[in-house]
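**Student:** Taken in sequence, the protein lines are chains U and D. The letter at position 994 of the first sequence is residue 994 when you use my numbering, and the numbering goes up by one with no holes. The letter at position 61 of the second sequence is residue 10061 when you use my numbering, and the numbering goes up by one with no holes.
If you are wondering where the hints come from, they were derived from the structure by calculation, not from laboratory data. Among these hints, one or two may not hold up.
[What the hints assert, rightly or not] Chain U is nowhere near these chain D residues, computed Cβ spacing over 10 Å in every case:
no., residue
1, P10191
2, R10395
3, R10437
[To be verified] DMTMM-like mimics (lysine to aspartate or glutamate), calculated; alpha carbons at most 25 Å apart, straight line:
no., chain 1, residue 1, chain 2, residue 2
4, U, K402, D, D10100
5, U, K1001, U, E256
6, D, K10183, U, D783
[As the list claims (entries may be wrong)] Computed beta-carbon distance windows for the label pairs:
no., chain 1, residue 1, chain 2, residue 2, range
7, D, A10404, U, G391, 38 to 48 Å
8, U, P705, D, S10201, 30 to 40 Å
9, U, P998, D, Q10409, 50 to 60 Å
10, U, N495, D, A10267, 33 to 43 Å
11, D, G10356, U, H370, 49 to 59 Å
12, U, D1000, D, N10321, 15 to 25 Å
For clarity, every value in this text was computed on a predicted model and none was experimentally measured. Glycine residues also receive a C-beta, built at the ideal position from the N, C-alpha and C atoms.
For reference, the chains in residue letters:
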Amino acid sequence: MKMTLVLLTFACLHVYSRGTAQSVSLKVTNAPVITVLEEIKKQTGYDFFFNVKTLESAGNVTVAIQNVSLQQALDACFTGTSLTYSITGKVIVISEKENATNGDVQPQTMNGPPGEFRGRVTNANGQPLSGANVIIKRIHRGTITNANGEFTLRDLKDGDILIVSFVGYKSQEIPVKGRGGAEVTLELAKNELDKVVVQAYGKTSQRLATGNIATVTAEEIEKQPVVNPLQALQGRVAGLDVSQTIGYVSAPFHVELRGRNTIGQFPTDPLYIIDGVPLTVPEITNGSTTSRGFVQNPYMGGPAGGQSPFFSINPADIETITVLKDADATSIYGSRGANGVIIITTKSGSVGKTNFEVHFYQGMSAVTRHYDLMNTPEYLAMRREAIHNDGYDKYLNNPQFKTYFYDLVMWDTTGYTDWQKYLWGNIGKTTNVQASLSGGNKQTSFRLGAGYEHITDITTFQGANQRGSLHFNFSHKSLDQKLNVSFTNLYTIANTNMVDVSALVLAPPNAPPVFDKNGNINFLGWYPAQGLIANFGRLKQPYEGTTYFINSRLGVGYELVKGLTASVSLGYSNASVNQTKQIPIISQDPTRNPTGSSQFGYNTNLNWIAEPEIKYNTLIGPAKLEVLVGGSTQSVSLNGSYVEGNNYVNDNLLGSVANAPHKDAFDYYSRFKYAAIFGRVNYNWENKYIVNISARRDGSSRFGPGKQFGNFGAVGAAWIFSEEHFFKNLLPFVSLGKIRGSYGTTGNDQIGDYQYLTRWSGTNIVPYEGNPSYVPLQHANPDYQWQVNRKLELALDLGFISDKVHAVLAWYRNRCDNQLINYPLPYLTGFPFVTANWPADVENTGIELNVSGKIIDQKDWSWNVSFNLARNTNKLIAFPNLQQSVYANSLFIGQSLDLGLVLHSLGVDPQTGTNAFQDKNKDGTISTTPGPAGDLYPINLAPKFYGGLGTDIRYEGLQLSLFFEFKKKIGANAFATLPTPGQQFNQPVEVLNRWQHPGDKAEFARYITNNQVSDNYLRSSDAAFTDASFIRLNNFSLSYTLPAKLSKRAAMTNCRFFLQGQNIFVITKYKGVDPETQTFSNMPPAKIIAGGIDITF
Amino acid sequence: MNTIIHKLVDSVRWVVSVYLALLVVCCVSCNKSVHIPPPANSITTSQVFSDSSDLAAAISGIYSQIEYANTGGIGFCNGAQTIWCGVSADELVPSDVSADAQKFYINELASTSGIVLSDFWIRPYNFIYQANASIEGLQASKVADSVKNHYLGEAKFLRALFYFYMVNTFGDVPNVTSTAFAKTSLYPRAPKSEIYQQILSDLKDAQTFLPADYSYSGGQRTRANRWAATALLARVYLYTGDWADAIAQSGALINEPMYGLSGDLNAVFSPNSTEAILQWRPNTDYLPFDATAEGAQILPVQGLPPAFYVSPQLLSAFEPNDQRRIAWVDSVNSDGVDYFVPYKYKVGQDQHTPGGTPTEYYTVLRLAEQYLIRAEAKAQQQDVSGATDDLNIIRSRAGLPAYAGATDQASVLSAIMHERQIELFAEWGHRWYDLKRTGEIDAVMSVVTPQKVGGSSWNTNQQLFPIPLNELGTDPNLTQNPGY
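Throw the hints in and build the complete structure from the sequences for me.
**Tutor:** Pasting the structure below:
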């Protein structure tokens, strides 16, 4: 591949030198410039482009040269005149030397030779627009502009009108009216439908897109005081389900687009592309322990269970987040597009004044909801009642059995601690400072951004997160606009410091203090609840992780001939993580004669990609044809090591592994490579009929020999019927009417590495008697191959009243056959999983609706509303031999994959006080055995629908935005996740409504200390599930921008004060701390309120 | 002319572009572009078994797994049988208040039990996988028979040991002897008789392949040799009622001069004691350091009640003056209550120290059991005097007088059962498995279970542990034991 790059570069240079190394000989005395130019044209074949008046005003010249280059000839010719020149392809543009501006070519009127009409298309900043359409309205024919924005048309008639258009800009109609040329300046499109949106390997607009592309902009992200950009997507994109797994800010997010595609357990994340560099994070698992994201050391996931890669991306640097959903938009990513694609584009500088912007806020976070748990008398009464119900009264006061009743007999029965407050009662603090410098001129622009954030957790113990980031973007175009170079770099250092507080809030309310008089963990006081107090021991076991992340991209492009651009994109990313976790002696039960231990994790994830590309665009008749051919080669390597120091006798040395009396080392290793060729043809007939065809051939090292390559492709088409004359006349208020559809295939590569190999290793094993020892690591399957997802989509796009209201209704059907999954096997085979293809066919069908509108859009005030709603139905449509598979009893044809198999609860039996269940198969016993021998029936746990509603009101400088997220779903009932009431765990006060005497009609069964089967069954019954639907005020933002007059007085361009909040309140019937995390014991997501200021100089 | 040059330049550019495009295509479509080196931190099965030191490491890995694959300190073949079967029977009482421990104690296991799943199902089958993979690898290996055969013998011995405990814990179990997951994932449970046949065939192979000494473990009795296979074979013949073969195998061991009963009861579990046929050696670099898994789990710490203590039934079964009551049972007083604990292993959690040399090994097979096997088999063959001779050897070592009870077969058998209860208490679940194989379990447990704290009644189904529910969900042909 390296060779290709060298050749490519060489070839570019070669073409360039050929084009200009013409030799010229001239000998003229005091001749008009135009004569000299005609002679040069004769000798070199170059055309000249000039304003006749300009040449006349330059007077005559005298030149005598022999066999010099074209440039030398022109230099000689123009020395001492007021003229200058630039060479664009085969055209030399002559203009006057300008003193006022920066010397660029900017002819005011242009006249070509007779019969030719010459023009130039630029944007408001004077930058040429290359590849703009110039169509003669009369004959529906035209041309496109070259790199310098120039075009030439012949055979125009006097009354002709030219339509000049460019993606992202408002089209203009230019009357020819006897002119020989025109300078056209296009304005940026103001309406949402014509703004530029990012697509795979290019740009388009909502109006012209044939695929399903959704965009979240910097404006929406900036309103949210979030640390992780993924959090800013919650509820904003129809069909994209983003949820937080646990309350730690660095924790991984669950991201799923348009439902679950596979029956297996592999991650469902879309492909993320950051500034053109695919984020490729290998998933390394170690049996049951998995750590997700950048923290790949399976032994050291930390309390958050890994670290989201997006914790290392500063939302303030992001310009847009683009979500590609259907086959048309994603097929060009081939093997990795099955779960959708999310493209993150960072900010860049713009032409004009250099801006210095400072953004600062300070915020507070707290737990959103507490839950009412029993107080000590209620708890003790519950325990005594349970002991009585069990018939254990006789044991209660027998000292031999004191350890069974420690909370009543051994502990102080008057103590009380609210463990929720004790653990999560802290007000977390957030400080966020951002500064950026950006600017540019017609050729060069840049942005330099820096950010720092400091966030403390809501835990009352230690826990803080810090992130510092630098962002740099630079782009440059050569004077002739043919060469463009851009470079973007993100660098982030993120540090997290956490303690694990899970599984503690349900400790008995009369439990002794956690720390004794000396500040040590009160192990002896808590005896014999060793398990519980050991959890508190974790409060003295700090985990710290520091991540260094670099993401860079260099892009070089050159226009070889008009419409044909060759470019190469080189990307590099590197995430390295240093982790430490200490288990000091003081955090462990002293009766066990403990020693200290220390864990050190290091891993480096290195990723590079090179993508050469050739783009060609031209007009064929009235239709624009764009062809893209590219190649991609990517290499990812992960090296991780984990060193454990054990048997420390002094806690002070825990930071040094060298001082550990005994050390163990483990390593993690992963390599993979991708190679692909891809292409796309886009055919656009006058913005009315658009066809888009894309294809990719992909190879991946994740597959065994012979199975590495796969082909993917898609066809998309759109009919913009509102462009039809009859329609325009009929319904003029419909500004856009588009029907689009697409069908294609994508693949999924999210499987482990080396799954096709048998693997033996001594990594995870202790030598026996000092002899080297190996263990097998996995089942090997050399036969698995690509899984192919087939996606079909149909959509209707409507814009009303000059695009002020925009609605998209999309229907899709995704099918996934021959699934590549982590197929669960019975343990008796040796390992619980194998990577394999499985002939199950899963279908996701759904409808998505997006409506956005500018209800009021005036200078002083405006009101926008946006709404999105998605409904997905997930269904297993085929599964050959289902009855002979491991899924025989858990999946059913025609039903969702998100099934819970449960007993039907009949409530509490009024006679016995136990939970009663329906005997479905009427065999006289209740059984949870899968299949017909048991009484289980399936219930669907997939969300019914979800979406978001946003509104944005502005009155002069005052702006209020609200964003609600909603979801209709069934979730685990918090009560069913609790231990059976009566045991040594605290309970919610609702549980007081329990059965006590025969005849009682109670919500909860009798208290009991010793679970009976019926208590266990409760957890596998439908009573364990409840409505977990919610509406959440996900975000509010109130801001005030100072009037321009005032801010100018303080030398500011802009000054804005704001108050923002995230996760403010939840409306839900769900009983528990949070309807999304659905447990009692994990730290819930916190609410944040922040206030700050934003100043631009 | 100019137009010709233009066209020429144009076509050169086009050619260059097409050339570039082709280059890209060629570059990425060859297989080399996605070639990666094999992982640096693992080797493949064929690599493992093509080299004598690597294949030795594969077998050594099985021992490692046994010693360190555990939850909460104990695991399959490393204390789980002793504790969980002891608690299920009438030997041990948990003061551990966790629900899991209680369920074993009151004989109300659920098919969702985490301990049954992890310690009695996942780990054994994982070990069996490694034994199967090793046997397959060794059989396919081109390494000389003289080098590889004793490893084959060890793998077969270990597989037999695992299956012995599986079949006695669950009854019928899937007979997995291959790594071919596509086939084995659909296996139903094989009848006990089939499992025993497999065990017998493995043990006979092991006897052939294994040496009769401990030369390859440096004189340490820490790896299986021919006598370990013989000892297990004697036990299997006893369990399957093949009295003659039981006598032959145990007799061979008893006659082997390398082994003899230890005169000092406190030294029976010492490293390489004369009585030991097979022991696991603790690795003192890791928890529980120089303590055995059992010692660390059972022995009390700092005056607190022990996690597991001797049941009143067992305590009262000791005859007066039994030296084993003194040497192998210790007591601790906590808040005025005396708790008696098994004291076969002396190093507990609060005495263990990292590094150093262990003072006891975890004993898997020992000679005393062989005397009792031969005694029982002889009694079954009506050789009452032969039986009592063997029995008295054990009794005499415990400081007890010779057996003086009735000499009818039933009485002698009952005396041998009683002797097994005492001699082998808190060792590998012998009591639980003995009660089951002799059919006495219903008679004993229907009295004991209701006496347990929280225990209600005994149901004969409870003698078999439940097949883990999880496993029933993944193998559609697996069936549950009755009553779960």
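**Student:** For every hint, state whether the structure bears it out.
**Tutor:** Hints versus structure:
1. The claim that P10191 (chain D) is not at the interface with chain U holds, since no C-beta of that chain comes within 10 Å of its own (minimum 16 Å).
2. For R10395 (chain D), the non-interface assignment is confirmed: its Cβ lies about 32 Å from the closest Cβ of chain U, beyond the 10 Å cut-off.
3. Look at R10437 (chain D): its CB is around 24 Å from the nearest CB on chain U, clear of 10 Å, so calling it non-interface holds up.
4. Taken as a hint, the K402 (chain U) and D10100 (chain D) pair is honoured in the structure, with Cα atoms around 18 Å apart against an allowance of 25 Å.
5. Only pairs whose Cα atoms come within 25 Å are accepted, and K1001 (chain U) paired with E256 (chain U) is rejected, the gap being roughly 42 Å.
6. Taking the CA atoms of K10183 (chain D) and D783 (chain U), the gap is near 15 Å; set against the 25 Å cutoff, the hint holds.
7. At roughly 44 Å, the beta-carbon separation of A10404 (chain D) and G391 (chain U) lies within the given 38 to 48 Å, and the hint holds.
8. A C-beta distance of roughly 37 Å is found between P705 (chain U) and S10201 (chain D), which places it inside the suggested range of 30 to 40 Å.
9. Evaluation of the 50 to 60 Å hint for P998 (chain U) and Q10409 (chain D) yields a pass: the beta carbon distance comes to about 54 Å.
10. In this structure the supplied range 33 to 43 Å is violated for N495 (chain U) paired with A10267 (chain D), their Cβ-Cβ distance being about 56 Å.
11. G10356 (chain D) and H370 (chain U) have their C-beta atoms about 51 Å apart, which keeps the hinted 49 to 59 Å range intact.
12. Checked against the hint of 15 to 25 Å, the pair D1000 (chain U) and N10321 (chain D) fails, with Cβ atoms roughly 58 Å apart.
The structure fails hints 5, 10, 12 (numbered hints given earlier, in ascending order).
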